[in-house]
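S.K.: Listed below, chain by chain, are the residues.
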Amino acid sequence: MYGKKVKLRFLFLVLLLATVILTVFLILQSLKENVIYFQSPSEINSLIEIESKKIRVGGMVKEKSVVINSNEVNFIITDFKNEINVTYSGAVPNLFAEGKGVVAEGFLKDKNYFSATKILAKHDENYMPPEVKEALGVK
Amino acid sequence: MFRYFEPNKIFAITSKAPKYVLFLFIVVLTIGLIEALILSPEDYKQSDSVRIMYVHVPAAWISLGIFSSLTLLSIGSFIFKNKNFALIAKSLAPSGFVFNIVALVTGSIWGKPTWGTWWAWDARITSMLVLALFYGMYLLAWRIYEDKEEVVKITSIIAIIGVVNVPVIKYSVDWWNTLHQPASINIITTNTAIHSSMLIPLGLMTAAFALFSLLIFLMKYNTELIKLKNKGLDRL
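Chains A and B, in that order, give the protein sequences.
Counted from 1, the first sequence has number 35 at position 36 by numbering that gives the first Met the number 0; the numbering is strictly sequential.
Counted from 1, the second sequence has number 14 at position 15 by numbering that gives the first Met the number 0; the numbering is strictly sequential.
What the hints contain is simulated information worked out from the structure, not anything from laboratory work.
Be a bit skeptical, because a hint or two may be false.
[Stated by the list, open to error] Taking lysine to any residue and the SDA-like style, the derived pairs with C-alpha atoms no more than 25 Å apart in a straight line are: (1) B:Lys44 with A:Ala96; (2) B:Lys147 with A:Gly2; (3) B:Lys111 with A:Val72; (4) B:Lys80 with A:Leu12; (5) A:Lys6 with B:Glu148; (6) A:Lys53 with A:Ala17; (7) A:Lys99 with B:Trp117.
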């Protein structure tokens with residue numbers, strides 16, 4: 000139905016796409032560690048050795064764990080399996096709150112203790128007016 | 000059917016369309032902005048900064064949609080040597096690029112008050128930047144290459160290679176830990192985590208941006224058709 004050239008061009012595109020997809024897939028696979036923006040406390044917990052380079056830890060701010068004294072903030076990041084203590088001096092973003100998502104950038108002192116140089120708030124995909132949130136009965 | 004098209008017949012329709020599209024765009028944009036900025040409620044957590052969503056999300060959707068269209072049209076023009084597909088793709092690309100930049104800039108403006116940073120090299124944001132680079136290459140290629148056959152081939156291949164990035168953008172928030180939140184709307188089950196009072200402005204603004212893209216597309220496309228007519232060609 001179609002000419003030979005049309006079929007050859009179709010084949011060319013199929014091969015081109017297959018090559019590009021495979022290449023991108025392999026690159027992303029091998030760079031997995033670098034593609035992720037942060038590690039969870041469980042991933043930190045399973046580390047074999049503690050490196051001194053800057054990393055990011057993310058998860059939920061544990062309820063009733065935030066302690067603010069003078070210019071230092073202490074809190075616990077949890078993924079509900081493992082926890083890590085974070086200490087940070089400076090201002091936290093507006094959306095930083097207990098029970099909400101957070102990403103801390105800084106240095107790991109040991110598996111349970113993290114010294115943050117930057118705090119980012121991670122919000123979720125839920126959007127609703129305050130009245131609806133109240134009606135749902137969650138804090 | 001795939002090989003030829005008659006610019007004169009198409010031009011008879013597309014030259015009249017812009018004024019109606021412009022009218023519709025202004026109506027939808029006005030209602031959309033009133034909904035987005037005044038009538039819709041503030042968010043329980045983000046308060047008024049949630050209103051950036053009504054520009055950010057539609058812009059990102061449109062830029063992804065246009066890039067996917069570029070790819071489909073490019074496949075058509077590459078395999079079947081259909082010149083019309085190439086012209087449609089060429090005329091669509093600028094608005095896709097503009098909305099891609101809008102999505103990046105509004106994302107940055109939204110990121111500062113919510114996350115606490117203007118920019119993060121996370122998978123979603125970086126892959127959106129890669130899309131902008133592909134748009135840039137695509138548009139530049141149209142300007143650089145003079146030869147008709149050559150320019151269609153090169154731009155098509157850029158659009159076809161670039162489409163690999165589209166699913167990466169879509170699923171980046173599910174495949175890897177990102178600072179960017181996951182999708183609020185599931186396109187398969189159509190479940191949504193956005194309250195209905197906020198979905199109205201989101202839908203209206205998406206329609207407004209789509210109409211704007213259509214308007215710019217028609218203007219560009221008409222210019223291309225006029226160029227063809229001036230060369231005295233009835234068909235390609």
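S.K.: Each hint: holds or not?
M.R.: Hints, verified against the model:
1. B:Lys44 with A:Ala96: With Cα atoms ~10 Å apart, B:Lys44 and A:Ala96 stay inside 25 Å; holds.
2. B:Lys147 with A:Gly2: It holds: about 22 Å lies between the C-alpha atoms, which stays within 25 Å.
3. B:Lys111 with A:Val72: 20 Å, holds
4. B:Lys80 with A:Leu12: Holds - the C-alpha atoms of A:Leu12 and B:Lys80 are around 13 Å apart, at most 25 Å.
5. A:Lys6 with B:Glu148: 18 Å, holds
6. A:Lys53 with A:Ala17: Violated, at roughly 36 Å.
7. A:Lys99 with B:Trp117: 20 Å, holds
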